[in-house]
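Student: Listed below are the residues making up each chain.
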Amino acid sequence: MISFLLGAAGFVLMTVALALVVILRRPAEVDHMMAAQLLGTGGGAILLLLATATETPPIVDVALLLALFASFAAVAFVRSAPGQESEV
Amino acid sequence: MNLALDIFTVSAVSAGALFFLAGTVGLLRFPDSLTRLHALTKVDNLGLGLVVLGLLPQTNGLFGALKLVSIWLLVQLSGAIVTQLIAGTVRRRGSNG
Amino acid sequence: MTIFAVFDIGLVVLILGIAVSTIAARDAFAAVIGFVVYGLLLSIAWVRLAAVDVALTEAAIGGGMTGMLMLGAVARLRFAGGNDISISLPVRFATAVLCALVAAGLAIAVLSPPDAIPTLAPMVMENLAQSGLGNPVAGVLFVYRALDTLLEKVVLILALLGVWSLAPDSVWGGIPGLRVYARRSSTLTFLAQLLPPVGIVVAIYMCWVGAKEPGGAFQGGTVLAAMWLLVMIAGLKRVPSIGQPWLRPLLVVGPVIFLAIGLAGMVLANAFLAYPPGYAKPLIVAVEVALTLSIGVALGLLAAGPLEQAQQQ
Amino acid sequence: MNAATLFGLSGAALVGIGLYGFVTNPEPLRKILAFNLLGSGVFLVFGVVSRRAAASGLGGDPVPQAMVITAIVVAFAATAMAIALVLRLLQETGRSTLGADSPGDTDRVSGNS
Chain V
420 MISFLLGAAG FVLMTVALAL VVILRRPAEV DHMMAAQLLG TGGGAILLLL ATATETPPIV
480 DVALLLALFA SFAAVAFVRS APGQESEV
Chain G
95 MNLALDIFTV SAVSAGALFF LAGTVGLLRF PDSLTRLHAL TKVDNLGLGL VVLGLLPQTN
155 GLFGALKLVS IWLLVQLSGA IVTQLIAGTV RRRGSNG
Chain L
203 MTIFAVFDIG LVVLILGIAV STIAARDAFA AVIGFVVYGL LLSIAWVRLA AVDVALTEAA
263 IGGGMTGMLM LGAVARLRFA GGNDISISLP VRFATAVLCA LVAAGLAIAV LSPPDAIPTL
323 APMVMENLAQ SGLGNPVAGV LFVYRALDTL LEKVVLILAL LGVWSLAPDS VWGGIPGLRV
383 YARRSSTLTF LAQLLPPVGI VVAIYMCWVG AKEPGGAFQG GTVLAAMWLL VMIAGLKRVP
443 SIGQPWLRPL LVVGPVIFLA IGLAGMVLAN AFLAYPPGYA KPLIVAVEVA LTLSIGVALG
503 LLAAGPLEQA QQQ
Chain B
25 MNAATLFGLS GAALVGIGLY GFVTNPEPLR KILAFNLLGS GVFLVFGVVS RRAAASGLGG
85 DPVPQAMVIT AIVVAFAATA MAIALVLRLL QETGRSTLGA DSPGDTDRVS GNS
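Residue numbers (this note's numbering), protein chains in the order written: chain V, 420 to 507; chain G, 95 to 191; chain L, 203 to 515; chain B, 25 to 137.
If you're looking for bench data, these hints aren't it; they were derived computationally from the structure.
Backbone N, C-alpha and C define an ideal beta-carbon position, used for all residues, glycine too.
A few of these clues could be false.
[Claimed, not checked] Quick list of the computed label-pair ranges, beta carbon to beta carbon:
{"no.": "1", "chain 1": "L", "residue 1": "Phe295", "chain 2": "B", "residue 2": "Gln115", "range": "28 to 38 angstroms"}
{"no.": "2", "chain 1": "L", "residue 1": "Ala298", "chain 2": "V", "residue 2": "Arg444", "range": "16 to 26 angstroms"}
{"no.": "3", "chain 1": "L", "residue 1": "Phe392", "chain 2": "V", "residue 2": "Ala447", "range": "24 to 34 angstroms"}
{"no.": "4", "chain 1": "L", "residue 1": "Leu449", "chain 2": "G", "residue 2": "Asp126", "range": "24 to 34 angstroms"}
{"no.": "5", "chain 1": "G", "residue 1": "Ile101", "chain 2": "L", "residue 2": "Leu300", "range": "40 to 50 angstroms"}
{"no.": "6", "chain 1": "L", "residue 1": "Leu438", "chain 2": "G", "residue 2": "Arg185", "range": "20 to 30 angstroms"}
{"no.": "7", "chain 1": "L", "residue 1": "Leu303", "chain 2": "G", "residue 2": "Lys136", "range": "40 to 50 angstroms"}
{"no.": "8", "chain 1": "G", "residue 1": "Gly155", "chain 2": "L", "residue 2": "Phe295", "range": "51 to 61 angstroms"}
{"no.": "9", "chain 1": "L", "residue 1": "Gly445", "chain 2": "G", "residue 2": "Arg186", "range": "13 to 23 angstroms"}
{"no.": "10", "chain 1": "B", "residue 1": "Thr117", "chain 2": "L", "residue 2": "Ala298", "range": "30 to 40 angstroms"}
{"no.": "11", "chain 1": "G", "residue 1": "Ile101", "chain 2": "L", "residue 2": "Trp448", "range": "54 to 64 angstroms"}
{"no.": "12", "chain 1": "G", "residue 1": "Asp126", "chain 2": "L", "residue 2": "Gly375", "range": "24 to 34 angstroms"}
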């Protein structure tokens, strides 16, 4: 069971890594802004799998903070995105 | 009983992992930002939901299970709203980069 | 064990790749986004190093707050001049070689562990029971190295004073120039109404659980600060001027209570920052609660940035 | 090679990457960012110190962990201060650097980070 959960965590990490490479290589800023969101879900899933696999429940709290701050960072991205200056 | 729960965990987590893969493929293949945003949020949220569902039998105690579900709800809600905000930026700039 | 190794190698490659892309990014906005992603990934690395307390702090500060702080500056510096200095290729190459040497030196230090590994962990665990705490990191922060923790709060306040002092005379005592969201957006308003109650519960939980398990005043305070910033960015609450009468007491209440308990320790327990036997846990919890509030206000104001507007009468 | 050593080596590499960015990037904000990267590399090396000293049924030595937590918070405070300096410079001169003819001065701006 433990190695299955770890394998799943590794698999999700791989998909997240691939997605990050795709997102960050695109020229448009809009694509970049998705990166935080991606880590909120993907990173959360990785941490939850790790928490169960290593039987360390406190890791769940890290997933909680990751989710919270990923959306916080995304708001910061949108606020400071290029093209927002004209209205300020 | 234990075996049944383990099988449930394995299948749900595998399904979740597959959805993460699908989200990444969508990100790779879709032509413009709005559809990519769509792929990212919807599919990854479903993936996380399935992972959480699969891990529920493995948690000890009701509190741990409740925390897992609330993390999923939090990601779900904030994810949906943040996506809306990003999509708004796309529309205003008229770019579909 | 091998699956762990594969996972770790994948994580390390990803982190290093993001770090390189952050340095090499064309514009500052992309670089800061890379940095936020890097911070969030680094918290997973800290989990793998069995340092959950650090992972929580890194996710909150490295990912969220530093990103918020830098993004505010990016928007202002976008059209700044003076960035046309170019560095020639040979200089770049020489720099790269020297930096590689520094990294190699550190790597050699990492690869050659000392014969007797110095550790204070057994001493921490031996004496932890006396403090009534269950989390050894909280024990170190509030019992054995309490002076460091106290001074660190003082550093936060000094940095804030430094940021405020940089204001021109005309806006002295005014309002921090936090960039609020340009357009009134119902979506953002909804998020700012939805997230803070959740965040406040998380902050209280972090602060409470910190005595027993990973978590504590830093992490709780950072969550509070983030929620406060979110509400201000959405335009639901105005950014307060720094002269507000409620603001300054909140800012110092944590360090002051910490200091008062420390001074009381000189009388009751014969040492500065020592706790009287039997009262350690309640006193530490009281300090943590006060510190959470102070850290929240201090971090929020630091991220809000330097003063920009004069105080409105 | 165990996990701790692997992360320690990546910490060393991060120090190198951060240092390179700190030296070669002309923009002060990017310098501050690179300095933060360098700092987190140092913290990771510290994490290895903590992990190696794992004892008494713990995952790691709590003393270095507590120090790293303090360091992260102090680094944030220093970053905020450095960014405030850069923004004030922009306000005064309309530029974000201190003159191209004296590169030594450019370093001084972000030396506060």
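Student: What are the numbers of the hints the structure violates, in ascending order?
Tutor: 4, 5, 9, 12
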